[in-house]
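Q: Which chain is which? The protein sequence lines are G and C, in order.
Here the numbering used here runs 851 ahead of the position in the first sequence, where the first position is 1.
Here the numbering used here runs 851 ahead of the position in the second sequence, where the first position is 1.
There's no promise every hint is true.
Heads up, the list lumps identical chains together, so a pair's fine if it works in one copy or across two of them.
Claimed, not checked - No more than 35 Å apart at the CA atoms, straight line, and that leaves these computed lysine-lysine pairs for DSBU-like:
1) K1048 to K1141
2) K857 to K1091
3) K1091 to K941
4) K987 to K1091
5) K877 to K1069
6) K987 to K946
7) K941 to K1069
8) K1091 to K877
9) K1141 to K987
10) K1048 to K857
In case anyone wonders, no lab produced these hints; they're calculated from the structure.
Protein chains: 2
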Amino acid sequence: MDHPIKQVAITGGTHGNELTGVYLVKHWSAYPDEVTRDSFSTELHLANPDANQQVRRYIDQDLNRQFNIHDLNNPELTGCEQQRAKDLNKLLGPKEDPRVDFVIDLHTTTANMGMSLIFNTNDPLVVGMAFYVKQKMPHATLFYHPSDRLEDNFLTSVGRLNGFLIEAGPIAQGLLNHHVYSESQTAVTHALDYLEKVNQGETIDLPSQMSGYQFIEKIPLPEDASGEIIAMVHPNLQNKDYQPINPGDPLFITLAGETIPYAGDATVYGAFINEAAYYDQHIGLSLMKKVDVALEDTK
Amino acid sequence: MDHPIKQVAITGGTHGNELTGVYLVKHWSAYPDEVTRDSFSTELHLANPDANQQVRRYIDQDLNRQFNIHDLNNPELTGCEQQRAKDLNKLLGPKEDPRVDFVIDLHTTTANMGMSLIFNTNDPLVVGMAFYVKQKMPHATLFYHPSDRLEDNFLTSVGRLNGFLIEAGPIAQGLLNHHVYSESQTAVTHALDYLEKVNQGETIDLPSQMSGYQFIEKIPLPEDASGEIIAMVHPNLQNKDYQPINPGDPLFITLAGETIPYAGDATVYGAFINEAAYYDQHIGLSLMKKVDVALEDTK
């Protein structure tokens, strides 16, 4: 029988201060049985050891924005993470014809996003994995952000199938929290079980669609004329990821206590609300729309 | 009338990734009336602008461990924060005969410590401030850590009175949270009001003692033979700052899921439980004992 998936990579520490993935990779290196399945090989990688050493998200650039095909093939990009992306592309890819079928990349967020399953393709094998994990972990949220695999700049896009990013929170950077660790471990276990079932030709009973959220845009933190941050996420919005934001709802509050409402004209939903890693770009949150994600027939 | 307090310094960003104090100092610089009182002068300082620029706790050393009198007077200590401590000692001190009477230093923690009022002296003026702020904010916790002012290595010890550290959490590093911001702002307001009342000779009705916690020791995260962290704070202990830890209670859980209990023989209390900033030293928590803090008669 032909197994569609032969090689799976699990990557941790793509952001060097997100320790959950780092320590899960270390743990699985000592207990490889937990991530071993009969029908495919699993490999484990620390994605950004230099940044991890310094407990920083990145040294020069955000590694998880460096995997666009043009950037990977641009010899002028020589920053630490630009070079590391090229090394990972050699190791796991190359992107144009990847050795690895599937990359599961482990992330955490300071936002109250619980267990979010981020996937960037409507490929039924990937959507099926998201549906399968959500069936096993009903509190998980589907975060759909479709993109062209070659143009996509996430590490997961180096796999043949535009893979799977596990985003668990809320957790501060630079530490471990057993709940977040255990949730991430469980989600990976289910994801690998799913691939094993697919390879073995097992019938997997999945719905034809599930509710999720699709990325619309990022909303900047308010700035003054000199570009300084002058407001923070409003307390009514803090921790309210995936809950509705209606026109006129409080979005930000200035340092002096003035509320800034949402000026849009339709109900949206927040994600990555008050994510520390986005302060360098003065981003306050992502806006999402509620969508029904369809699982297309694979036959 | 002789005013015991003439000069108060409020410092923020002593740890460069604790943004609450940084943005409060920026806010008060624009709205100085909020921290102005009739009977003394208030000055505002960003304590570690270089680390703040990089959104890191420190560049070379933890600034808030550099104010021991021997280190301040040691010309061989030339790291970024060692030098910065000497500059702050010139600006606010010198420690042996300080210009500034009182330093209020603003901090945040990833631990669930709420509003903690940390003070390192039994001087009645300082203890009185802690009592006064706790009267106004009854949910605040008194964190008593007595030390000799000249030997003390905290920034607050540069003031003539071994001052006052406001530690608010839980909050991730590198972001603002309005609740933590507002709580810190309120605590400083009460602290300044207290100094104003003292200076004006007002009668302040304070109890002769209040319950608090006194620092005992720091407990390391379990390591393997090569010095790698192999366990994290146990989920039963996470977020349980200032709650009792009894002999045999779970303290840590290994990456593989094995529980490590507390091996002490008396009930203690945790603080700084899973503080991200202490991972560099592999510290899991502080142990505290419950104490009655006495306010000595000032007459």
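Q: Are the hints correct? Go through all of them and say.
A: Hints, one by one, checked against the model:
1. K1048 to K1141: Intra 29 Å, inter 55 Å, cutoff 35 Å: intra-copy only.
2. K857 to K1091: neither (39 Å within a copy, 45 Å between copies)
3. K1091 to K941: neither (40 Å within a copy, 46 Å between copies)
4. K987 to K1091: both (23 Å within a copy, 30 Å between copies)
5. K877 to K1069: both (33 Å within a copy, 26 Å between copies)
6. K987 to K946: within (31 Å within a copy, 61 Å between copies)
7. K941 to K1069: within (31 Å within a copy, 44 Å between copies)
8. K1091 to K877: both (32 Å within a copy, 27 Å between copies)
9. K1141 to K987: Within one copy only: 21 Å inside, 44 Å across.
10. K1048 to K857: So K1048 and K857 pass the 35 Å test inside one copy only (13 Å; across, 74 Å).
Checked against the numbered hints given earlier, this structure breaks hints 2 and 3; the rest are met.
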